[in-house]
Amino acid sequence: KVLKVLGILTKRGKGKQLQYGTNHAHPLLIPLQTFLEETTLPDDRRVVLAFRGIRGISLLVTTGMLVRETRGSVDLLVVTSRPHNTNLARAAKAVEHMLALPLRYAVLRPREYVERSEANDRLIRDVFEFSHKVILGKR
17 KVLKVLGILT KRGKGKQLQY GTNHAHPLLI PLQTFLEETT LPDDRRVVLA
67 FRGIRGISLL VTTGMLVRET RGSVDLLVVT SRPHNTNLAR AAKAVEHMLA
117 LPLRYAVLRP REYVERSEAN DRLIRDVFEF SHKVILGKR
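For what it's worth, the numbering used here labels the leading residue of the sequence shown as 17, then goes sequentially.
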């Protein structure tokens with residue numbers, strides 16, 4: 017309600033047809049957006065802690081929403097020798113919970129990662145061309 021009263025949000029429709037939108041011209045929109053990103057995005061240490069204890073991970077790269085990049089096709093790239101480990105899904109869910117948004121992630125075997133890198137695969141290219149952080153391992 018307060019954001020609507022301040023004019024940051026706009027309201028259209030009634031009842032079940034109610035929709036809220038953003039007033040992009042409002043001068044407080046950018047500071048509010050920055051504040052929300054800074055307070056809700058998990059830091060690298062918390063992401064690494066979510067994957068702590070999972071054996072076989074050789075590379076962990078954050079991209080997409082985790083680094084404020086809207087153009088990426090994934091938010092997290094995991095290269096591991098054990099891609100079917102159920103703890104990977106649990107760790108991804110933990111990061112998703114920290115992010116408070118659906119997490120898009122890719123899990124690759126080391127050999128598949130190398131092959132895709134050499135073939136200039138679009139997924140790998142998108143991860144490393146756009147903003148990203150290698151938080152575990154080396155590229």
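Hints in this document: simulated from the structure, not taken from any laboratory.
It is possible that part of the hints are untrue.
[Claimed, not checked] Cut-off 20 Å, straight-line C-alpha distance, at most; resulting in silico cross-link-like pairs (EDC-like, lysine to aspartate or glutamate):
no., residue 1, residue 2
1, Lys-149, Glu-53
2, Lys-149, Asp-137
3, Lys-32, Asp-59
4, Lys-109, Asp-59
5, Lys-154, Glu-131
6, Lys-149, Asp-59
7, Lys-154, Glu-53
8, Lys-149, Glu-54
9, Lys-154, Glu-112
10, Lys-109, Glu-131
11, Lys-109, Asp-60
12, Lys-154, Glu-54
13, Lys-154, Asp-142
On a predicted model such as this, the values are computed, not experimentally measured, just so you know.
Verification of the hints:
Distance check on the hinted pair: Lys-149 and Glu-53 sit about 17 Å apart at the alpha-carbon level, within 20 Å; holds. In summary, the hint linking Lys-149 to Asp-137 is supported, as the alpha carbons are separated by about 19 Å, within the 20 Å threshold. Between Lys-32 and Asp-59, the direct Cα distance comes to roughly 37 Å. Violation of the 20 Å bound is thereby established for this hinted pair. Taking the CA atoms of Lys-109 and Asp-59, the gap is near 16 Å; set against the 20 Å cutoff, the hint holds.
In summary, the hint linking Lys-154 to Glu-131 is supported, as the alpha carbons are separated by about 16 Å, within the 20 Å threshold. Taking the CA atoms of Lys-149 and Asp-59, the gap is near 11 Å; set against the 20 Å cutoff, the hint holds. Under the criterion of a C-alpha separation no larger than 20 Å, the hint pairing Lys-154 with Glu-53 is inconsistent with the structure, at around 27 Å. Proximity of Lys-149 to Glu-54 is assessed by CA-CA distance (about 16 Å); at most 20 Å being required, the pair is judged to hold.
With a CA separation close to 24 Å, the supplied pair Lys-154 and Glu-112 exceeds the 20 Å bound. Distance check on the hinted pair: Lys-109 and Glu-131 sit about 28 Å apart at the alpha-carbon level, beyond 20 Å; violated. In summary, the hint linking Lys-109 to Asp-60 is supported, as the alpha carbons are separated by about 16 Å, within the 20 Å threshold. Restraint check for Lys-154 and Glu-54: not satisfied, since their Cα atoms lie roughly 26 Å apart, outside the 20 Å limit.
About 17 Å separates the Cα atoms of Lys-154 and Asp-142, which keeps this hinted pair within 20 Å; it holds.
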